[in-house]
Amino acid sequence: MESIRWLLAAAGVEFEEEFLETREQYEKLQKDGRLLFGQVPLVEIDGMMLTQTRAILSYLAAKYNLYGKDLKETVRINMYADGTQDLMGMIMMAAFKPPEEKEENIALIVTKAKTRYFPVFEKILKDHGEDFLVGNKFSWADVQLLEAILMVEELSASVLSDFPLLKAFKARISNIPTIKKFLQPGSQRKPPADSRYVAVVRHVLQF
Amino acid sequence: MAEKKPKLHYPNGRGRMETVRWVLAAAGVEFEEEFLETKEQLQKLQDGNHLLFQQVPMVEIDGMKLVQTRSILHYIADKHNLFGRDLKERTLIDMYVEGTLDLLELIIMHPFLKPDDQQKEVVSMAQKAILRYFPVFEKVLREHGQRFLVGNQLSLADVVLLQTILALEEKIPNILASFPHLQEYSVKVSNVPTIRKFLEPGSKKKPPPDEIYVRTVYNVFMP
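Top to bottom, those sequences are chains U and G. All letters in the first sequence, in the order written, are residues 1 to 207 by full-length UniProt numbering. All letters in the second sequence, in the order written, are residues 1 to 223 by full-length UniProt numbering.
Just so you know, the hints here were simulated from the structure itself, not pulled from any lab data. Check the hints yourself; a few may be wrong.
[As the list claims (entries may be wrong)] Pairs of lysine-lysine, DSS-like flavour, derived with a Cα cap of 30 Å: (1) 7(G) - 72(U); (2) 112(U) - 114(G); (3) 123(U) - 114(G); (4) 170(U) - 65(G); (5) 7(G) - 39(G); (6) 69(U) - 114(G); (7) 123(U) - 120(G).
[Said to hold, decoys possible] Not close to chain U: a few residues of chain G, all C-beta gaps over 12 Å, as computed: (8) 33; (9) 38; (10) 76; (11) 87; (12) 94; (13) 115; (14) 152; (15) 194; (16) 196; (17) 198; (18) 211; (19) 216.
[Unchecked claim] Below, a sample of chain G positions facing chain U; criterion: calculated Cβ distance under 8 Å: (20) 54; (21) 170; (22) 172.
Keep in mind the model is a prediction, meaning the values are calculated, not measured. All residues carry an ideal CB built from backbone N, CA and C; glycine is no exception.
Using the sequences provided together with the hints, build the complete structure.
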C-alpha cells in the first residue's frame, strides 16, 4: 500500500485509512464482496472499490495528471515505475524471509539497486539534463523513484555515493511541497517493516 | 509509409512474451521475432544497451525499445483500442488483467519447478482458478450478459483471460466444468477473427513449454 500512499500524498490528496489488524476484519471484507479477488490493498475512491496495486496506481496517476502528456511518455513512466516496483518488491519480501537469510538478502538488494536500477535512472537524468524523469514534468515515475531510493537507503545509507544526479534528484523531489509534507513526522507515511508488522501481516493474511 | 513491424526479443517459447504475442495478434498487428538461444545473444543485447533493466521481454516498436511486460501490454492496448473508452473502463480492465496475470504467473513458473513439485502445483493452480478467479469473471459475464468483459467490446482483459483459460485447459481439461458463462465466453472470444487466426496452426502462438524450452531458458539466463 505504501506506493499508493506516496502517490496520493504527492498529488496532494487527503485520504483515510482503515487498518487491518485481525483475521476477522479481513474475512469480513472478503465476505462483504468488496475485494475483487479476495485480496488487499483495497482503495475506495470515486464510488469504486479498486484492488490490484498497479491498477490503483495507474488510476491515480491518470486522474491526477502524473502520467505524461501522450502515449510515448506514459509508456516510459510505466517502464520506470515497473522497474522500481520490482526493486521495492524485493525489499517488501525481504521482511518475510527467515532471519538467517536477512543479511544475504539485503546485500543482494543493494547490489541490484547499484548495478541494475540506479545506473539506469542516473543515465536518464544525465542524458536529458532535466529535473524530472519524463517530459520535463513531475510524474508518477519521480514519486516511485524517490520512494525506492529512500527504501534502499534504509538498508544502506551510502547507496547513492556513486550517483550524483540521483542525489540531486532526491533533494529536489523531496522539496516539492506535497512530498516535503509527506516526509515530515506525523504524516501517513509508514515506517520500515518491523517484526510487529510482519506478525500482523502473517496473522491477517495467514501465510 | 508502411510502419515497421514490431520485433520481439525472447526465447522461442511462451514465457512472459506469450501475452504480448496474443495481444498483438488480437489487435491484428503483424510482428517479427528474434529468438534468444544463447547466453551470448542476451549479453549482446545487454552490452548494446538495448534492455533498460538488462531483462527481456523487449519489444522494438514505434522507434522505442519497450521492456517490462505490463508496460508493453498497456502500450499496445492503448494504441489499438483495447483499453476501454474512459478511465473507469480502463481501470476495470486493468484490475481484471492484473488478477489474471497473477494466475498466469503460476503457469509461467510451472515448468521451472522441481519435478516433484509440479503435480502439486497443478492442483494448487486449479484451486486458485476455481476458487478465486473464475467465479469473479463468471459473475461479471452473468450479470451484464455481454459478449466481452468490459464495455461490450474486446479488450486486453479478454485476451489475457482467454490465454489463461486455454493454458489451464491444457493441464486440467475440465477446469471450466462449473462455469457455463466462461465456457460460452471462451468460444465467443476464440471466434473473434484475429484471435481465431492466432489459434490456427502456423500462427506465432507458441506450443506448451517442453524440455527444450526449459533448457534454453537455463542456458540463456543462468549466470
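Results for each hint:
{"no.": "1", "hint": "7(G) - 72(U)", "in the structure": "holds, 17 Å"}
{"no.": "2", "hint": "112(U) - 114(G)", "in the structure": "holds, 26 Å"}
{"no.": "3", "hint": "123(U) - 114(G)", "in the structure": "violated, 39 Å"}
{"no.": "4", "hint": "170(U) - 65(G)", "in the structure": "holds, 27 Å"}
{"no.": "5", "hint": "7(G) - 39(G)", "in the structure": "holds, 19 Å"}
{"no.": "6", "hint": "69(U) - 114(G)", "in the structure": "violated, 46 Å"}
{"no.": "7", "hint": "123(U) - 120(G)", "in the structure": "violated, 45 Å"}
{"no.": "8", "hint": "33", "in the structure": "holds, 20 Å"}
{"no.": "9", "hint": "38", "in the structure": "holds, 21 Å"}
{"no.": "10", "hint": "76", "in the structure": "violated, 10 Å"}
{"no.": "11", "hint": "87", "in the structure": "violated, 6 Å"}
{"no.": "12", "hint": "94", "in the structure": "violated, 4 Å"}
{"no.": "13", "hint": "115", "in the structure": "holds, 25 Å"}
{"no.": "14", "hint": "152", "in the structure": "holds, 19 Å"}
{"no.": "15", "hint": "194", "in the structure": "holds, 21 Å"}
{"no.": "16", "hint": "196", "in the structure": "holds, 28 Å"}
{"no.": "17", "hint": "198", "in the structure": "holds, 23 Å"}
{"no.": "18", "hint": "211", "in the structure": "holds, 29 Å"}
{"no.": "19", "hint": "216", "in the structure": "holds, 23 Å"}
{"no.": "20", "hint": "54", "in the structure": "holds, 6 Å"}
{"no.": "21", "hint": "170", "in the structure": "violated, 23 Å"}
{"no.": "22", "hint": "172", "in the structure": "violated, 19 Å"}
Of the numbered hints given earlier, the model fails hints 3, 6, 7, 10, 11, 12, 21, 22; all others are met.
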